[in-house]
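Full structure from sequences and hints, please.
Those protein sequences? They're chains A and B, same order as listed.
Residues 3 to 114 (our numbering) are what the first sequence spells out, left to right.
Residues 2 to 115 (our numbering) are what the second sequence spells out, left to right.
A hint or two may mislead.
Stated by the list, open to error - Quick list of simulated restraints, FRET-style, between CB atoms:
| # | chain 1 | residue 1 | chain 2 | residue 2 | range |
| --- | --- | --- | --- | --- | --- |
| 1 | A | Asn40 | B | Asn19 | 26 to 32 angstroms |
| 2 | A | Gly42 | B | Asn85 | 43 to 49 angstroms |
| 3 | A | Arg56 | B | Asp60 | 29 to 35 angstroms |
| 4 | A | Thr22 | B | Lys15 | 43 to 49 angstroms |
| 5 | A | Glu17 | B | Gly101 | 45 to 51 angstroms |
| 6 | A | Gln111 | B | Gln51 | 34 to 40 angstroms |
| 7 | B | Gln51 | A | Thr79 | 45 to 51 angstroms |
| 8 | A | Ile113 | B | Thr78 | 29 to 35 angstroms |
| 9 | B | Asp60 | A | Ser96 | 18 to 24 angstroms |
Claimed, not checked - The calculated BS3-like cross-link candidates involving lysine-lysine, where the alpha carbons are at most 30 angstroms apart (straight line), are:
| # | chain 1 | residue 1 | chain 2 | residue 2 |
| --- | --- | --- | --- | --- |
| 10 | B | Lys72 | A | Lys101 |
| 11 | A | Lys109 | B | Lys84 |
| 12 | A | Lys101 | B | Lys58 |
| 13 | B | Lys71 | A | Lys28 |
Claimed, not checked - Computed list of chain B residues with no C-beta within reach of chain A, every gap over 10 angstroms:
| # | residue |
| --- | --- |
| 14 | Pro9 |
| 15 | Gly17 |
| 16 | Val20 |
| 17 | Leu28 |
| 18 | Gln42 |
| 19 | Gln57 |
| 20 | Ala62 |
| 21 | Ser81 |
| 22 | Lys84 |
| 23 | Ser95 |
| 24 | Ile96 |
| 25 | Thr102 |
| 26 | Gly109 |
Hints in this document: simulated from the structure, not taken from any laboratory.
As the structure is a prediction and not an experimental result, all values here were calculated from the model.
Where is the CB? At the ideal position from N, CA and C, for every residue including glycine.
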Amino acid sequence: SQQGEEDPQALSIQEGENATMNCSYKTSINNLQWYRQNSGRGLVHLILIRSNEREKHSGRLRVTLDTSKKSSSLLITASRAADTASYFCATPPSGGYQKVTFGTGTKLQVIP
Amino acid sequence: DGGITQSPKYLFRKEGQNVTLSCEQNLNHDAMYWYRQDPGQGLRLIYYSQIVNDFQKGDIAEGYSVSREKKESFPLTVTSAQKNPTAFYLCASSIFADGGTEAFFGQGTRLTVV
Chain A
3 SQQGEEDPQA LSIQEGENAT MNCSYKTSIN NLQWYRQNSG RGLVHLILIR
53 SNEREKHSGR LRVTLDTSKK SSSLLITASR AADTASYFCA TPPSGGYQKV
103 TFGTGTKLQV IP
Chain B
2 DGGITQSPKY LFRKEGQNVT LSCEQNLNHD AMYWYRQDPG QGLRLIYYSQ
52 IVNDFQKGDI AEGYSVSREK KESFPLTVTS AQKNPTAFYL CASSIFADGG
102 TEAFFGQGTR LTVV
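Set out below in structure tokens:
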């Protein structure tokens, strides 16, 4: 199974600032997915970017994908205290059935 | 409302007991998954199922068992063979098991050995 690796492990910013977190992976992918997990809760899907896409937006979220570098970044603009959570990337490998696995995530703290 | 439901939210197990965690989805998804999350850790895959009556071991299947008798249900049994079962357990589902679409997660079950 392939696991994405998020970086940094932890990030602390002031409300209103932008937050950027990164994901790296090792083998070719079908798509890359970002999820958010609030403390003690399940994961919530944020955005999915396919391997033939380079950038995708959803509200205050901007995701980029660089398949040549096997990396992705998630940018949260104008952060809010409610954005405080852990963020995970999932990287399903391409080529037939594969199971999705998750890395250790980036823990984001937004200070009011 | 469509979604995925885990129960109970909290579960306490005595040493040597088997316990079963429930996971039900009404999203008509073929694929279902069980993950374990330890404090400050990522998610580790226990078992997954692509279709009814079929399931495969994940990365940490030892001490766990599952069944998939109905499309909407994928219960996980934590057996006495699992030596360190205290953890947060998450169930998920997706339309298909190919990773081509997003996964939907339940709210989790926190299991504690007492």
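Does the claim that B:Gln42 lies off the interface hold, with its Cβ farther than 10 angstroms from every Cβ of chain A? violated (6 angstroms)
So is B:Leu28 really clear of chain A, every C-beta pair being over 10 angstroms apart? B:Leu28 clear of chain A: closest Cβ-Cβ about 12 angstroms, beyond 10 angstroms.
Does the no-contact call for B:Val20 survive, Cβ to all of chain A over 10 angstroms? holds (19 angstroms)
Is the hinted range of 34 to 40 angstroms satisfied by the C-beta distance from A:Gln111 to B:Gln51? holds (38 angstroms)
Is it true that A:Glu17 and B:Gly101 lie within 45 to 51 angstroms of each other by Cβ? violated (36 angstroms)
Just want to verify: B:Thr102 was marked as not at the interface with chain A; is every Cβ pair farther apart than 10 angstroms? violated (7 angstroms)
So is B:Pro9 really clear of chain A, every C-beta pair being over 10 angstroms apart? Holds, because the least Cβ-Cβ distance between B:Pro9 and chain A comes to about 14 angstroms, which exceeds 10 angstroms.
Range first: 43 to 49 angstroms. Now tell me if the beta carbons of A:Thr22 and B:Lys15 are that far apart. holds (46 angstroms)
Please confirm whether B:Gly109 is truly not at the interface, meaning its C-beta sits more than 10 angstroms away from all C-beta atoms of chain A. violated (5 angstroms)
Per the hint of 29 to 35 angstroms, is the separation of the Cβ atoms of A:Arg56 and B:Asp60 within bounds? holds (31 angstroms)
The hint says 29 to 35 angstroms between A:Ile113 and B:Thr78; measuring C-beta to C-beta, is that right? violated (42 angstroms)
Restraint check for B:Lys71 with A:Lys28, where alpha carbons must lie at most 30 angstroms apart: Not OK: B:Lys71 and A:Lys28 at ~35 angstroms, beyond 30 angstroms, violated.
Of the hints listed earlier, those the structure fails to meet are numbers 2, 5, 7, 8, 13, 18, 19, 23, 25, 26, in rising order.
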